[in-house]
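S.K.: Protein sequences appear in the order of chains U and F.
Under the UniProt record's numbering, the first residue of the first sequence carries the number 1, and numbering increases by one thereafter.
Under the UniProt record's numbering, the first residue of the second sequence carries the number 1, and numbering increases by one thereafter.
Note that these hints are calculated values from the structure, not bench results.
The structure presented is a predicted model; accordingly, all values stated were derived computationally and were not measured.
Misleading hints may appear alongside valid ones.
Unchecked claim - Distance condition first, Cα-Cα at most 30 Å in a straight line; then the derived DSBU-like pairs of lysine-lysine:
#1 F/368 to U/554
#2 U/144 to F/69
#3 F/225 to F/368
#4 U/554 to F/69
#5 F/479 to F/391
#6 F/81 to U/151
As the list claims (entries may be wrong) - A short list of chain F residues far from chain U (calculated; beta carbon distances all over 12 Å):
#7 48
#8 265
#9 496
#10 503
Glycine included, C-beta positions come from ideal geometry on N, C-alpha and C.
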Amino acid sequence: MNSLQSQSSPKSDVSDKQTLLAVLQFLKKNNLKCTEELLKKEAGVTDDDVKPQSVGQSESDVANALAAYKSSDDPTRYTDYYTDLKTFIESCLDVHKVELYLILYPVFVHMYLELVYNQHERHAMEFFHKFSGEQEYYYQDDLKQLSSVTKREHMRGNQLMDNFKASRFIIKMSRDSYNHLKRYLQENQMKPLLTIIQEHLFIDVFDGVPRNKQQITATGGGLLGEAERDANKAKVFYGLLKEPDINIPVDDDDEAPEGEDKPKKKKAKKDPLLMRKSKNDPHAPQSNRIPLPELKDQDKLEKINSFREAIKRVRIGADQMPTVCFYSITNAHQGVTTVNVCEDSSLMSAGFADSTIRVFTLTPSKLRGMKSGDDLEIIDKDSDDVLERMMDDRSSSEVKSLVGHSGPVYATDISHDKKFLISSSEDGSVRLWSLLTWSNLVCYKGHQYPVWDAKFSPHGHYFVSCGHDRTARLWSTDHYQPLRIYAGHLSDVDCVEFHPNSNYIVTGSSDRVVRMWDNQSGNCVRTFTGHKGPIHKMCFSPDGRFIATGGVDKTILLWDIASGNMLAQLKGHTQAVYSLTFSREGSVLSSGGLDSCVKIWDVNRVLQEYDTDSDATIPSSLQVNDNANLLLGSFPTKQTSVLCVHFTRKNLLLASGPVAI
Amino acid sequence: MAEKEERKVVDEKRFAIFSKETIRLIADSVGITEITDQAATLLGEDASYRLREATQNSSQYMKHAKRKKLMTDDFNKALRKSDVQPVYGHRPVDQEQVWTYQHTKDGQIVFLDEDDINLVDIALDDNIPCNPGAVSIKAHWLAVEGSSKSQTSQGLASGKPIEKKLSAEMQTYFDRITNSILGKDEELMKLAFTDLRTNAQIIPLLPYFVSFISNGVKTVSHDLKQLTKLLHTLRALLNNTSLYLEPQPYLNLLVQSLMYCLLEPLTASIDLKNDHWVLRDYAARLLAQILFSWSTPINHLMYNTVKTLKEVLYDNNKPLCSHYGAVIGIMMLDQKHIQEILIPHLPVYMPHLNSIIDDTSRANAVTKSDAHKVYGAVLYCVEYLLKSQIKEFEDEISREKENSAIATASDSEVNKSEQKVKSQTLPNPFGTSVAKFYSEMYDYFDPEAAKTGEELLDEFMEQVRVQEEIRKAQLEREKLEKIRIARDKQEQEERNKMLREKEERRRQERRRAELERELILKRKEEEERLRMLKIQEEQRLKILKEQEEKRLRTMKEQEEKKLRTLKEQEEKKLRIMKEQEEQRLKMMREQEEQRLKMMKEHEEQKLRGKI
């Protein structure tokens, strides 16, 4: 059931064997003899192989991993190597210059680490001070971390070091530029430079015109460079699932039923949302691609309701701006960490730093608990309003608290049927709560460290969580162990989101990369690089084709899932972006963050200006829309940071955040 | 505890590093006394690195708590993550609190500066901390259909006049001009006015001059001379063709100061020697000029001004000098406003004014003279209106004459009569003829009108005097003469017309009398007819009654007859029936008797037989 994904970079046979031996070592240590025997048998490893390896394991392990940095070169020469490389690049033609500049950062990092590893501390410091300033601004955070490493002992256990030593830095480059570089390296015979480029860099060469500065910076910024071109080749079924056939009664109570029923029926069918669902989308996955729970009667009723409301919704765009209703959370002295509004906009859940969760009602109907077991037995189970009778009016209130976590609650999410709430916390657990009994049902323990985010599948049953342990995990509510573990991010996975068709999830990480994963196979199918800071919020467009991402770098990026290309950069926020949402028909994107501002962006215009014919295989042919006019409106609050934006089914924009104390 | 604070110790490197001494001190505190220099240095460096790492990791917790500020809590969480005991006691009570540290004398220990807390004081304190309230949500509209409420605050600045720094030259120019205007040197003053009137480069100074006038008017209201000078300034600005007064505050401010001069009971007017009437006349003229050249339907200047004048005039509580100002102001505008505002008010106003004039008590002397002034102004107005009306009338007539001249001579008489009819039917603003209006007005102004006429002339002279200050006196005199001649002519013509009108009126009266007579006759006839009708009606009624009675009588008779016959018939029938009965009875008796006889005979026979 679990499918552990290893890092994408290829490993040699030697390291494979090492891993195997390490696993055997682990099994032996924990006295799991049967498994050990079995594994030995299968892998064809003898006891002798294991024994000598285990002696002095800890030392040889590290030594092996870091051996790449072992170099007997004169430490004073590194500065010269680097300067030479720089002068060469500067002497190149302008077209190649910008591309070749890309190799400077990884070369700089690895040279520094080599110096540190070989214990030339003073030289390392000098080298760092001399050249760290000229690196790109978006690498400065990493450089700060790097500069704190001054001894060989520090390199062990440092997350960043692990990433640099274990993976290659990926650079996309046109063939011309690559040939230039190759010629230069061959002519000058600079051994350490050559080793670094051969061992720690992966240059992805493409045929075509070199990219310009703008294109390079648009997709740059990842912890380890850009995504390989092959990373986004896999086919993604981004279409929506075929809607189950429900007879939607068209004779709406609100509308005049006299004789006009027929034309109205046609009108309703013309709604693009309904149209699209009725026909077969070639990009949609099979409805049984992943098993989904069957629809209950109540779900069907809810679907009908949602259709009805969707018919009445306001079309918003540049000429029809949305109305924004802001819910300020007052008296939250303990600190609000997350706010979330449920799909039908009737409930709002908030997580607090004091480990509590509160659920507020946004409608006049109050929150009620279920009756006790004895009382429930008296109820006539066949009556039509059995659900109504189950509820206890005495327990009604405007707000309910859920207490159970032992650390700040970092995420809450309410299932679409409004029966469950999922929450994740700093204590490493994910908890499932019932919104009928207002109590904790399950505590899912799988993550080692803080769980940053958790999300329900739009179809219920499944949920996904992610956290500091650099993994995202897919769970089903009826299993206490995860169904999938998605590993591949190089740093904390900060946020996660379900695709509207539940077949994919997307994760954003502190390694400044957004990855999309297939829930069926567990593979990473898309890698989006371009963010210059940790990603904290992502959002799928209602049609499932586009994704918007935002985070600490104050920029919102819009991506096309079909091609894996960046469509637009939306710049305007002055602080980290923590909330994003598409309007219900997908024409407008709303965002909010720590700068206490709700902003509205014109997605329709991006899509109009997007050239769908451009060849995705040549990076230099891509254009990113960063038009300043895409910002339609900006609505500042007094001081309240915007932690949640949400469009109701009728396209009223709800926003929420804690009042600054 | 001391670990964290030690980071303050600055090394020559970029990062704070624990010194050997600190490490020794810490080691000492846990009971390790012997520690080599090398070990201490290494430990110090390593501990520093771990702290840096923890600090870097703690920022992740800050980001996920969606804060901009790193808290001690975040650091503790980062420590716990790397299996280190958290540092207790540094949780801030207040988020804004800044920690202060203190060193011991020998500088080896750094500790947190904390106040002593007196528990007794806290226990006895009345200041019970209030409940901060439950966590709740509050909804409000941030924007409605894209328009944000908070954005309206940006538009506030437009209301204020823009304060711009003047250049030094402009400043000195302004000072010079204003000084010379308010100064005593007449030559300089004249120079200043001519410059204001002609200089095209004073545009940037316009707001300053406007505020100079509007503020000046209020501060020097005791000094007629200065007020007049200010009005001169205003006039000079008005006549400067390069100035554009339209921008909102300027025009309003200027009109306001004019209205002030025109309508307010100025302090200067308390002194009887001061001729404030002239100032008012002057202000009225300027007001008219400003309104005619700058009023647009958009700025409502005309409408607002007329409204104010009307309010002042209709308010009997206002002093007479204000009324005078209002009348003059209206007169200077145009005859349309005289017709619309002044004339309808006269039936109310004239008795009020006359009552003041008629009061001959000594205390009233001043008011009376004021009232005479107003009286004169009203009279002047009416006369002006009349004159213009007459002129219109004459124009009409002359046009008609021209027309008739074209027509043939034989038709001339017919034409004349037509003309008269036409002149009567002409649309007239007074409802009736000019003459009638004149006579109406005559009612208000009693036979002493001749006297007031002189006053009127005086007034004219006064105005002329005001103008003398600006224009040359000779020209004015010539004009005056011309006006006088024109007026004489007009008056003559007027008289002629009066005669004509009177004739017409007489004819009308005659016609009316005839009509009345006819009416009386008709009424009489009607009455007679009515009487006849009544009589006829009565007769008819009588006949009808008689007929009815007759009918009733006959009907009764008939009824009785019928009844009688019926009774008779009944009796007959009864009688017949009785007879019949009797007969039948007789018959029956006879039969019975016969039968009995028969039976007896039979019996006898039987008996006989038996026997």
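S.K.: Run every hint past the structure and note whether it holds.
M.R.: Taking the hints in turn, this is what the structure says about them:
1. F/368 to U/554: Roughly 82 Å between the alpha carbons, so the hint for residue 368 of chain F and residue 554 of chain U is violated.
2. U/144 to F/69: holds (19 Å)
3. F/225 to F/368: holds (26 Å)
4. U/554 to F/69: holds (17 Å)
5. F/479 to F/391: holds (19 Å)
6. F/81 to U/151: holds (22 Å)
7. 48: violated (9 Å)
8. 265: holds (52 Å)
9. 496: Label holds. Min Cβ-Cβ 74 Å, cutoff 12 Å.
10. 503: holds (76 Å)
Against the hints set out earlier in the document, violations occur for numbers 1 and 7.
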